[in-house]
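Residues per chain are reported as follows:
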Amino acid sequence: MSETRTISLTVNGAASTHAVPVRQNLVDFLRNTLGLTGSHVGCEHGVCGACTLEVNGATVRGCLMLAVQADGAVVTTVEGLAEARRGEDLRQAFIARNALQCGYCTPGMLATALEYVEGGGAADRIAIRQHLSGNYCRCTGYQSIVDAVCDVIDGRAHR
Amino acid sequence: MKAADFRYERPGSLAEAFELLDDDTLDAMPLAGGQSLMAMMNFRLAQPGMLVDLSALDDLKGIAADKHGLRIGAMTRYVDLANSPLIAEHAPLLHMALPHIAHAAVRNRGTIGGSVALADPAAEMPALLLALDAEITVQSSAGSKTCAAADFFLGMYQTSLEAGALVTAISIPARAPDRRFGFYELARRHGDYAMAGVAVSATGASNGPCTDYRIAFFSIADRALRASAAEAALEGKAPRDGAQAAIAALGELPFAGDLNAGSATKRHLSGVVMKRALEGMTR
Numbered sequence: 001m002s003e004t005r006t007i008s009l010t011v012n013g014a015a016s017t018h019a020v021p022v023r024q025n026l027v028d029f030l031r032n033t034l035g036l037t038g039s040h041v042g043c044e045h046g047v048c049g050a051c052t053l054e055v056n057g058a059t060v061r062g063c064l065m066l067a068v069q070a071d072g073a074v075v076t077t078v079e080g081l082a083e084a085r086r087g088e089d090l091r092q093a094f095i096a097r098n099a100l101q102c103g104y105c106t107p108g109m110l111a112t113a114l115e116y117v118e119g120g121g122a123a124d125r126i127a128i129r130q131h132l133s134g135n136y137c138r139c140t141g142y143q144s145i146v147d148a149v150c151d152v153i154d155g156r157a158h159r
Numbered sequence: 001m002k003a004a005d006f007r008y009e010r011p012g013s014l015a016e017a018f019e020l021l022d023d024d025t026l027d028a029m030p031l032a033g034g035q036s037l038m039a040m041m042n043f044r045l046a047q048p049g050m051l052v053d054l055s056a057l058d059d060l061k062g063i064a065a066d067k068h069g070l071r072i073g074a075m076t077r078y079v080d081l082a083n084s085p086l087i088a089e090h091a092p093l094l095h096m097a098l099p100h101i102a103h104a105a106v107r108n109r110g111t112i113g114g115s116v117a118l119a120d121p122a123a124e125m126p127a128l129l130l131a132l133d134a135e136i137t138v139q140s141s142a143g144s145k146t147c148a149a150a151d152f153f154l155g156m157y158q159t160s161l162e163a164g165a166l167v168t169a170i171s172i173p174a175r176a177p178d179r180r181f182g183f184y185e186l187a188r189r190h191g192d193y194a195m196a197g198v199a200v201s202a203t204g205a206s207n208g209p210c211t212d213y214r215i216a217f218f219s220i221a222d223r224a225l226r227a228s229a230a231e232a233a234l235e236g237k238a239p240r241d242g243a244q245a246a247i248a249a250l251g252e253l254p255f256a257g258d259l260n261a262g263s264a265t266k267r268h269l270s271g272v273v274m275k276r277a278l279e280g281m282t283r
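Top to bottom, those sequences are chains X and U. With our numbering applied, the first sequence covers 1 to 159. With our numbering applied, the second sequence covers 1 to 283.
Honestly, the hints are just simulated from the structure, not real lab data. Quantities reported herein were computed from a predicted structural model and do not represent experimental measurements. Misleading hints may appear alongside valid ones.
To be verified - Some but not every residue of chain U turned toward chain X, in silico, with C-beta under 7 Å: (1) 42; (2) 104; (3) 189.
For each residue, glycine too, the CB sits at the ideal point set by N, CA and C.
Let the hints inform the model, and build the full structure from the sequences given.
Put into structure tokens, the structure is as follows:
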């Protein structure tokens with residue numbers, strides 16, 4: 001029987017307290033306990049980026065962080081971004097540019113791209129590719145994803 | 001896969017951490033940023049009985065500069081190194097290498113001390129510390145001592161760190177004004193472990209002859225290694241002028257293949273990355 005710990009955290013704006021097995025990683029906690037299945041589980045060793053989500057304002061791999069380590073943290077998943085209408089322009093640009101096909105990478109891709117856009121990243125295709133390099137997409141070939149991120153940066157600059 | 005079961009503690013002081021690490025019955029491992037250890041645990045390559053999470057040890061975080069150089073706390077995350085004006089000014093080699101160390105989300109969690117203690121032969125940090133002539137501070141319940149980077153990295157995931165000891169800080173000597181630096185790595189995907197990479201430092205005027213080269217490779221053998229014959233071949237020459245002689249002198253290194261490439265390819269790529277690092281050296 002796994003050791004459990006009680007954690008209190010804020011997920012997508014809602015504070016809650018839970019007993020979690022110490023061996024449970026953050027993305028499994030979000031998916032299985034909170035039912036937030038937007039964050040996907042891919043490789044489980046930090047390579048694919050499908051589980052990328054936001055903890056205390058910075059992206060992390062949900063498979064390389066334990067739920068118990070999120071005690072006191074503010075966590076935002078793709079569901080929270082949508083509810084807060086944060087990155088709405090990025091979601092629209094992904095649709096307009098066909099920046100997804102199967103959608104498996106998309107939640108992690110959005111979190112990573114949003115970090116770049118909100119961090120003041122330039123509409124420079126090489127720099128965008130470097131920032132997104134930790135997120136695999138097996139459908140698009142990345143071209144359309146970079147297009148979408150460039151559109152958003154250009155759009156925000158002219159707003 | 002998921003990690004096998006373990007116990008978990010997050011001590012609030014180094015003394016409490018050492019108490020846990022010294023207890024043989026616990027089979028405890030320290031957890032720094034977790035960006036390698038958690039992956040190894042998910043693969044079940046590592047199955048510690050207990051994780052001792054060091055994230056509450058605020059004394060191990062931060063970057064300070066004085067006349068002797070930089071002192072970087074072991075629990076300082078890569079993202080904080082990359083954003084640090086002190087690192088950019090006093091350790092430009094680290095600054096230029098940091099964007100190549102893993103991916104943004106991993107840099108947000110991964111720590112310099114974790115990378116040093118793990119001693120992955122493909123990781124950048126051990127080679128960077130060799131090129132910078134850095135010292136590693138190691139602490140245990142028995143006390144604290146420092147160790148030159150050259151004496152710390154012994155082999156694949158092997159260091160001189162004793163059981164129950166922790167890496168607590170990394171010291172980088174003050175940079176001479178005419179010290180110049182270069183870095184280059186070849187990776188299939190930006191941010192992945194390199195197929196071969198190198199960090200270079202040398203003393204000399206812009207575009208002129210340089211002395212006291214330090215050339216440290218990673219991801220070519222069982223550990224980060226200095227190339228002393230290549231350094232000797234470059235001595236007194238401008239980086240560009242000495243590159244061919246340095247490449248010819250790489251045969252001394254014990255190249256070892258991995259999943260990416262065999263040893264002959266590693267040897268070839270070592271010449272490629274060294275030439276590019278030399279050509280790209282800072283002024």
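Hint by hint, which ones does the structure fall short of?
-> none
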